[in-house]
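Asks: Sequence:
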Amino acid sequence: MRDGAVGRRDLLALAALAWPTLARPAAAQGGAASLSALTAQANAGTVGVVSGGVDGTYVRIAADLAAVLDDGDRLRVLPIIGRGSVQNLSDIALVRGVDIGIVQSDALAFVRRRRLLAGAEQMIQYIAKLYDEELHVLAGPGIGRLQDLAGRVVNLDGRGSGTAMTASLVLETLGIAARPAFDPQDVALEKLRRGEIAALAYVAGKPTRLFAGLPPDSGLHFVPVPMTPALLETHLPSRLGAAEYPLLVPADAPVDTLAVGAVMAVYAWQPGTERHRKVAAFVDAFTAKFEEFLRPPRHPKWREVNLQAQVPGWVRFDPRAEPPPPPVPARRPRSWGP
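For the sequence shown, my numbering begins at 4 and goes up steadily by one.
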């Protein structure tokens with residue numbers, strides 16, 4: 004290496020020493036592989052999966068996907084830390100290298116209603132519904148139904164969070180004009196106990212630890228969420244019961260609410276393209292090895308997954324879709340010249 008410059012042959016030699024698998028093309032071809040060949044090999048089976056924050060469940064699900072499905076050069080899963088369901092949808096549609104993402108099932112309806120991503124319904128499909136998360140609306144005295152929150156302060160977690168998206172969508176659908184706040188949930192809970200806000204919303208799988216330490220005499224209670232036909236288009240009915248919250252819910256009076264599913268979303272690549280082939284290979288491997296996700300040390304939420312479950316308002320990705328037929332060439336007009 005002259006004057007600190009690294010030649011192509013030197014770079015390939017160093018790469019082969021650092022990671023033996025990179026030397027395979029060279030051995031197969033009887034000479035040094037080109038960088039373009041290495042690039043093609045590295046990307047041939049690589050699928051990017053955007054997930055959630057470092058402390059959330061989504062990123063652990065993505066890590067499980069990588070651990071179970073990675074298969075040498077044929078399939079490699081790259082987990083990517085995400086910034087919430089709405090941003091994940093945008094990343095799937097727009098960011099190079101991101102094919103798949105984990106999002107809340109109501110994210111597509113939210114993006115459509117807010118007109119945040121034109122053509123999202125055509126660009127985004129789903130591979131599988133994962134597990135459910137419930138909407139918890141915890142309120143103080145004087146709040147017996149959601150309509151009582153009109154004009155009152157309701158905490159929706161951080162801006163851009165899944166809770167903020169779902170709770171905003173529910174309140175808007177029901178025509179309830181609450182005053183949103185965006186404090187962290189632990190801060191909001193203390194404000195609620197002091198009577199500084201009327202309620203907090205929290206989307207999380209039941210039971211959630213946030214409410215575990217509330218004494219029965221706290222004066223706080225869950226507010227029922229009515230399941231209207233409009234909400235049923237993108238959500239599932241659920242209940243909060245004494246089994247999950249014995250200090251907050253009477254045994255004979257479960258609280259109606261809605262559940263939002265975690266969805267493995269995917270870009271709707273055109274059949275016959277290389278990206279569609281890679282995603283199809285991912286789906287085939289995911290289906291074939293699904294039983295491995297149900298055993299430790301994989302996340303226990305995998306045991307709630309039903310691969311046949313439908314997601315209202317979404318279109319399922321078809322790994323067996325055939326490419327469209329080539330266009331029929333236009334017939335040349337007959338020449339009538341001399």
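Treat the hints as calculated values from the structure; they're not laboratory data.
The model shown is predicted, which means the values in this text are computed figures rather than measured ones.
Heads up, a few of these hints could be off.
[Claimed, not checked] List time: in silico DSBU-like cross-link candidates among lysine-lysine, alpha-carbon distance up to 35 Å:
hint, residue 1, residue 2
1, K304, K292
2, K292, K194
3, K209, K304
4, K281, K304
5, K209, K194
6, K194, K281
7, K281, K292
[As the list claims (entries may be wrong)] Label pairs and their calculated CB-CB ranges:
hint, residue 1, residue 2, range
8, G75, A246, 43 to 49 Å
9, R212, A233, 15 to 21 Å
10, Q90, P315, 20 to 26 Å
11, R306, P229, 27 to 33 Å
12, L235, N309, 16 to 22 Å
13, P187, P303, 21 to 27 Å
14, L250, D73, 40 to 46 Å
15, R196, A245, 20 to 26 Å
16, M126, Q150, 32 to 38 Å
17, R148, R306, 31 to 37 Å
18, R278, G75, 36 to 42 Å
19, P187, P253, 28 to 34 Å
20, R319, R212, 30 to 36 Å
We treat Cβ as the ideally placed atom computed from N, Cα and C, and that holds for glycine.
Asks: Hint by hint, note whether the structure agrees.
Replies: Against the structure, the hints come out as follows:
The hinted pair formed by K304 and K292 meets the criterion: a straight-line CA distance of about 16 Å does not exceed 35 Å. Between the alpha carbons of K292 and K194 the distance comes to roughly 46 Å, so the proposed pair goes past 35 Å and is violated. Of the supplied pair hints, the one linking K209 and K304 holds, its CA atoms being roughly 12 Å apart against a limit of 35 Å. A threshold of 35 Å between alpha carbons decides the hint, and for K281 with K304 the separation of about 26 Å falls inside it, so the pair holds.
Proximity of K209 to K194 is assessed by CA-CA distance (about 22 Å); at most 35 Å being required, the pair is judged to hold. The straight-line distance between the Cα atoms of K194 and K281 is roughly 49 Å, outside the 35 Å bound, and the hint therefore fails. The straight-line distance between the Cα atoms of K281 and K292 is roughly 17 Å, inside the 35 Å bound, and the hint therefore holds. Taken as a hint, the range 43 to 49 Å holds for the pair G75 and A246, whose Cβ atoms sit roughly 45 Å apart.
The beta-carbon spacing between R212 and A233, approximately 32 Å, falls outside the hinted interval of 15 to 21 Å. The hint said 20 to 26 Å for the Cβ distance between Q90 and P315, and at roughly 22 Å that hint holds. Separation of R306 from P229 is about 30 Å and conforms to the stated range, judged on CB atoms against 27 to 33 Å. Checked against the hint of 16 to 22 Å, the pair L235 and N309 passes, with Cβ atoms roughly 19 Å apart.
The beta-carbon spacing between P187 and P303, approximately 25 Å, falls within the hinted interval of 21 to 27 Å. For the hinted restraint 40 to 46 Å between L250 and D73, the CB-CB distance of approximately 44 Å keeps it satisfied. Between R196 and A245, the C-beta spacing of about 22 Å keeps the proposed range 20 to 26 Å intact. Between M126 and Q150 the C-beta distance comes to about 36 Å, which sits within the given range of 32 to 38 Å.
At about 34 Å, the beta-carbon gap between R148 and R306 stays in the expected band of 31 to 37 Å. Distance hint for R278 and G75: a CB-CB separation of about 20 Å, inconsistent with the stated range 36 to 42 Å. Between P187 and P253 the Cβ separation comes to about 29 Å, which falls inside the hinted range of 28 to 34 Å. The hinted window of 30 to 36 Å between R319 and R212 holds, with their beta carbons roughly 34 Å apart.
Hint check: violations occur at hints 2, 6, 9, 18; the rest are consistent with the structure.
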